[in-house]
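**Q** Listed in order, the protein sequences are those of chains A and B. Numbering of the first sequence is given in the working numbering, commencing with residue 1 and proceeding in unit increments. Numbering of the second sequence is given in the working numbering, commencing with residue 1 and proceeding in unit increments.
Derived by calculation from the structure, the hints in this document are not laboratory data. Be aware that a few hints might be false.
Said to hold, decoys possible - Stretch-level coverage of chain B by chain A, calculated; a stretch enters the list once three of its residues show a Cβ under 8 Å from a Cβ in chain A:
id, segment
1, 12–21
2, 73–82
3, 254–261
Unchecked claim - From the derived model, a few chain B residues whose C-beta atoms are all more than 12 Å from chain A:
id, residue
4, Leu52
5, Arg135
6, Lys206
7, Phe267
8, Ile324
9, Arg345
From the three backbone atoms N, C-alpha and C, an ideal C-beta is built for every residue, glycine too.
The lines below spell out each chain.
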Amino acid sequence: MRLQIIRVVIIILFIVILGDLFYVQIFKGNLYYRLSTNNRIRVVPLEGWRGRIKDRNGMVLADNTISYDVVVTPQDIADFDQVFQYISDVLGKNKEKLIKRYRQRKSAPFAPVAVAENIPRAKAIIIEENKYRFPSMMIQKGFKRLYPYGKDSAHVLGFVGKVNLSDRERFQEYGYSPLHVVGKLGAEEYYNSFLKGSEGGIQVEVNSRGQQVRLLSYKAPQKGQDISLTIDVKLQQLLTSLLDSRPGAIVIMDKANGEILGMVSSPAYDPNTRTTKDPRSPFLNRVIQGLYPPGSVFKILVAIAALDKEKITKHTTFICNGYHEVGNRHFRCTHVHGPQNMFEAIGHSCNVYFYRIGLILGADIIGQYAHLFGLGQVTHIDLPYEKSGYVPYRNRGILSRRKRWYAGDTLNYSIGQGDLLTTPLQLLHVMATVANEGRILQPHVLKSVMDHDVEDFNFSRELKISSEIFDAVKQGMRATVKEFSGTAHELHLSDIRVSGKTGTAQTSGNKEDHAWFVGYTSGRGRDIVFCVFLEHGGSSHNANLIAREMLIRMKTMKLL
Amino acid sequence: MEKNRTKRIWIFTSLIMAMGLLALYSASCQNVRVPQKVFWDQLAMAILGLVLMYVIGRIDYRRFYDIAYIFYGINILLLLIVLIGGRHALGARRWLQVGPLSFQPSELTKLSVILLLGRYYANRQSNLTFGFINRTQIIFRDILLPFMLTTILMFLIFKQPDLGTALLLFGIFLVICFAHGTAYRYFIGFIILCVSFIPIGWRFLKPYQKDRLLVFLNPNIDPLGAGYTIIQSKIAIGSGRLLGKGWLAGTQNQLNFLPERHTDFIFSVIGEEWGLIGTCFLVCLYFLLIHNGLKIALKIKDKFGVLVTVGIVSILTLQVVINIGMVIGLFPVVGLTLPLVSYGRSSFLVFIIMMGFLINLSKKRTVL
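With the sequences and hints as input, model every part of the structure.
**A** Shown next as structure tokens:
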């Protein structure tokens, strides 16, 4: 009897064991099988070469060269100290630093760790010849990005670097590890997905200590796609030399299709080294990130608003006696212009005329038109970190800054001063829209990918504003250049028909004013829209001179 | 019939040993963490073991009845010597070194406790025959005295420390005590008393033993430390699925992910390489062997023989169930070997002797 009970208990115990084996091996079997596979297989990524960046004529702006890196394979190290002592002796580098770098980058016993990158060829040969003494050490050929034109196109191109900590999470979603090279700033960042090579890798089987047991498979990395930009390297060189590292920016766009032909921000950095001690924000791309008051350039929009709202006609005349009085404050004009109609007012950049129509329009309508022409918003140019600027509203001023809006604020607003902030690209964009009589283009820098032209940017939309209004404003802008009394008569050239608007934007503090010239050419050849901006460059006259030099040189270089 | 039983025990024992040798060869063939010597050692032990089984099978088992108490005494002595001057390994004092050979007296206790309890209870007649006898005397004679005798061994083993074997002895005691025919009310009362002592016993455990028990409750507490073994062995067994990865082709095994895979965790090698088919086959072999043992026990009329058989059967069952249970994460890791399969001379030898007893007992038809 008792033996029968014992027997039953034994049978139950065995059933439990068999049942659990069935559960672990059949129900959970696939899960554990995957886990066992993960246990033993490691993947070592191999990076593909990055695509090149060319200019519109096929000149290479960003290329790859071979760099010689010293790598050490952890599982083959026989005498840790000796290996690093030897490497530090050959390279003349601090041994502790090499060891520290090794410790930081070490990932798996079989994965070579780069301890010194881009060493001179001669030293690479020495190390390679002494490999037999230290089997763990070898020379690996990596790639290094090379920018043959240095700082000329630095801001358009950007540069490459390892994924840094702050970007890590963002890039992790795309499968990047901290050791990957990604584009940073400029086209290198914006078009990283085209440029980066598709990653290859080796798959190895490892044992419980992570040592390689055998190679399972190898996938060759693929080279990334080459892209061509719309910029012209000769023009970039010209613009760089014109600015001569004075802070400022020049941007030139094809009037017909929105292609950016030249874009230079100064001061610039050298993307090859990226070491600069310039205190004037060399990494800032002033064309898309610099925020400045537009000054008198903004008057174009005020004029269009007044004409479109039918508050005035193009023949409406106001008399300028040198100032306009609101309350007991005098708002000054540059000269005593006397009676001014629209063409004269734009040509002379008469403040009083615009104070008057500004007061008629009111701040809200001015803001509305600023928005209509794209101020206060990004232009969606294909470069990263573009700034949107700031268009003030009466309510916005009250709400955000707890500041009341006075009539004087409207006056400042109508001549492009006050809280209004724009980027040079935005003003260029406004000018292009006016020059194209309401047709809004998409500014862009990408021309083709692997020699296939990109057509994504070939769209435009029309503003519902009568072409007569644009005609009137364009006449005024032509007068700016053509009339002897115009503010940009320096640009009156015999063989180029230039129109535009100057701006001298006051800045806070005792610094010099910002100098603007935004304009366009019209004629037989390629028409361009351009914006010359000098940060604290004084009077707009300085911008005019640079624009003049630029146009003449472009003509001789047959770029126009 | 008896011939048949004897033959079956021979067959099942040899099949289990053969499976163990195959698994051991696979575990040691890389000669990395587990030296190849382990396999040859075990092979030699197996051949020797078969001879020993044959020899023991021919000895009249009453000789063992005679030496039961002496054996018990010698065992206590050996355990004391181990505690004083035994060889350290893996943080425990378990081995006794005699010249080039070393063995674990704690394994011998499995034998001695069976013989001891077998002889003790065989001498105890049914309570009714005594007529007037008070309850305390029954409890003392049926439970407390044999329990104290077992406890001496348990305590000495626990001191080594070897919690697994100590608890195993307690299990054997319970089974034999039950088989003897102790009244249910006393037996159950005793078990309840023991359970209520568990919280007190917890305080006497070494930190690593507590760790193991805690890790058993949740292996993810310490996946790289104490939990590593359980997790890796579960992965190994599970990844074998139905058909296994093939002999010598288990990745967990061959790539050294399994610690202790030649001793306590040999079952995970079988599970990984031979799948559910292999594990079921082995478990069934054990079951058939045990079942045969029980059948023998039913046939024997001599109480000493019955109790010894029950003791052997229970020790086999407990070790098989606990070992497999701990390898698949059903029980805590207590360090019990898989009978006749795990590498380990002392353990192997003890089970060989037990199988010899079974063969011996299967032949006898003693009528008292």
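**Q** Give a verdict on every hint.
**A** Right, here's what the structure says about each hint:
1. 12–21: It is violated: at least three residues are needed, and the segment 12–21 of chain B offers just 0 whose Cβ sits closer than 8 Å to chain A.
2. 73–82: Violated, because only 0 residues of the segment 73–82 of chain B bring their Cβ atoms closer than 8 Å to Cβ atoms of chain A.
3. 254–261: With 3 residues closer than 8 Å to chain A, the segment 254–261 of chain B meets the three-residue bar; holds.
4. Leu52: Holds, since 26 Å exceeds 12 Å.
5. Arg135: 21 Å, holds
6. Lys206: At roughly 27 Å from the nearest Cβ of chain A, lysine 206 of chain B sits farther out than 12 Å, so the non-interface label holds.
7. Phe267: 10 Å, violated
8. Ile324: Check fails; 5 Å does not lie beyond 12 Å.
9. Arg345: 26 Å, holds
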